[in-house]
Amino acid sequence: MPNLLMSNSMLNTNCFAILMLFAGAFFSLAQVPGTLPIESDKETPTLKTDEGSQVSVITRFVDNPEIGKPCTMEITLKNLGSLPLEELVLSQEWKTKPEILEVNPKPFIQENKWTWEIPELQPGTGKIFQFKVLAADKDNLNFKPAVAYKVATLKKNAETKDGLLVQVQGPQWVRRGQRAVFEIVVANHGLTSAENVTIRDKLPQGLRHPEGELIEATLGDIPAGQTKSIRLETLAVENGKFSQNIQVASNNGEKKLYQSDISVSDGQINLQWKKSWEDTAKGELEMILEAKIDSIKAGQIQLAIQTVIPEGLEIVGSNPQARFESTAPTNKLLVWNNPQVIGGKWSAKLRLKAAKPGDWQLNAKASMENSADTSSMFLVRIEGTSEIQGVFAPATIKATLGSESEIRFSLKNNGSIDLNNTSVRFLFPDGIVPLAWNGPTIAGLNGQNLNFDDLPVLANRADKIYSVNLKGLSPGEFRVVVEYGIGNIKRSSACSIIVSPLP
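In the working numbering, the protein residues as written are 491 to 993.
These aren't lab readings, by the way, just hints derived from the structure by calculation.
Incorrect hints may have been included.
[Stated by the list, open to error] Straight-line distance between alpha carbons at most 27 Å, and here's what the computed DSSO-like set of lysine-lysine pairs gives: (1) LYS772 / LYS846; (2) LYS603 / LYS617; (3) LYS843 / LYS855; (4) LYS745 / LYS772; (5) LYS855 / LYS835; (6) LYS782 / LYS835; (7) LYS731 / LYS746; (8) LYS568 / LYS640; (9) LYS596 / LYS764; (10) LYS846 / LYS587; (11) LYS559 / LYS765; (12) LYS835 / LYS622; (13) LYS772 / LYS587; (14) LYS782 / LYS765; (15) LYS782 / LYS617; (16) LYS980 / LYS902; (17) LYS772 / LYS839; (18) LYS835 / LYS772; (19) LYS954 / LYS772.
I would like the entire structure built from these sequences, with the hints used as guidance.
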């Protein structure tokens, strides 16, 4: 028999499961709720429950925190226990609302509180939440996370057979020549003791153990509500994607089969998004997708990198060029097959344009021969800006005394968001008389001022034309001014009218 480490832990049945059992309802899983409030600036707070679940929350500053400068903050949530966590809710509460530059993944934002929902967190796994904010004061640099969750436990059923549950915790990828360590956990959720429990683990050809291909271990009896586990250390000896087949059996129960997958390779690929620059007025930005490959020489691998551009973002350009494919009527897939890798690194620049402000999620994936796939996600947020402009065309009009002339004024929204309730007012000097006018709203003459009703909506990158027919009462050069804007913020534009005397 191999030298295997064994450990026992008791699983308690929660009240919810017992009540549901007596009610006659059948559920495969019962839930044990837990809540973990985290004080500010704690490095690694944890909570261990009776069910064997342990939650870890790590907060850190990626950059040096400075008031008035962008700061990247990070929260890492880990399940250090032996049971899955379900329906997790991570929240971060701010004393004052920060200015958001980037956040990944996207939270639900309500006033000063951010909330992320995580459907499931398997034992030994974690999730990173990263955000960049512009700190106006020290209150924007305080971590105040809190976690709520449920621990999944199998409910005892009324059968006399054992209710064995098998879980395998171990790496999904390992480098060739390194150890691959697995922990096989067997829990008895039945009503009776599982007698003489045995484990048979058939190793794939990519993993090696001193005892050979077939590993056998005896766990003995596992009383109802308890668990036992073994630790299995193997050596990764061959590149490829492999599956190990694990069989658990008892004298008084059914056999349980479990398959665990692992990839072995000489290298690993890491994928990461970065924002290069952004023009909020135009709704454009440039993203950089970087891949780092360890211990693999260029030209010796089969590598494919792809990303989906969601609806609402337009691809202005990419360097190097990618192959375009359609994954849906509104989405586009960019693919780089076997790109050139120099010094273990590859990168691509994507220039994107948003038709309107909003949030979009960029998802990239990399696949490499004999290696586990990797992915990277980035939340793109276009806040949008307003940029209003008023222009006369032409800016100078030549007229004859007593004759009728037309001036045209264009109101433009060059920004990326719609403008509401924009006012326009023409101011005529003495010697110039407006005769008729036309525009997107009605207008009325008040002395020498022509006031148009406010324009309800001026769409982004749209323009509206105002025209006025007028007549000069005396020769000379006159200046017609238009005041326009929103609320108390006004701008002005002028047109020169040169009135010549009669011949």
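Do the hints match the structure? See the list:
With a C-alpha separation of about 10 Å, the suggested pairing of LYS772 with LYS846 holds against the 27 Å cut-off. The straight-line distance between the Cα atoms of LYS603 and LYS617 is roughly 19 Å, inside the 27 Å bound, and the hint therefore holds. Taking the CA atoms of LYS843 and LYS855, the gap is about 22 Å. The hint holds against a cut of 27 Å. For the hint pairing LYS745 with LYS772, the CA-to-CA distance comes to about 63 Å; that exceeds 27 Å, so the pair is violated.
Taking the CA atoms of LYS855 and LYS835, the gap is about 15 Å. The hint holds against a cut of 27 Å. Using a Cα cut-off of 27 Å, the hinted pair LYS782 and LYS835 holds, with the two alpha carbons roughly 5 Å apart. This hinted pair checks out: LYS731 and LYS746 have alpha carbons roughly 23 Å apart, not beyond 27 Å. For the given pair, LYS568 sits about 14 Å from LYS640 by alpha-carbon distance, which is consistent with the 27 Å threshold.
The straight-line distance between the Cα atoms of LYS596 and LYS764 is roughly 16 Å, inside the 27 Å bound, and the hint therefore holds. In summary, the hint linking LYS846 to LYS587 is supported, as the alpha carbons are separated by about 24 Å, within the 27 Å threshold. This hinted pair checks out: LYS559 and LYS765 have alpha carbons roughly 17 Å apart, not beyond 27 Å. Distance restraint check for LYS835 and LYS622: the Cα-Cα separation of roughly 25 Å lies within the 27 Å cut-off, and the hinted pair is therefore satisfied.
Between LYS772 and LYS587 the CA atoms are separated by roughly 26 Å; this keeps the pair inside 27 Å, and the hint holds. For the hint pairing LYS782 with LYS765, the CA-to-CA distance comes to about 17 Å; that is within 27 Å, so the pair holds. Proximity of LYS782 to LYS617 is assessed by CA-CA distance (about 21 Å); at most 27 Å being required, the pair is judged to hold. Note on LYS980 and LYS902: the hinted pairing holds, with a Cα-Cα distance of about 14 Å set against a maximum of 27 Å.
For a cut-off of 27 Å, the pair hint linking LYS772 to LYS839 stands: about 18 Å separates their Cα positions. This hinted pair does not check out: LYS835 and LYS772 have alpha carbons roughly 31 Å apart, beyond 27 Å. As the CA atoms of LYS954 and LYS772 are separated by approximately 19 Å, the hinted pair is consistent with the 27 Å bound.
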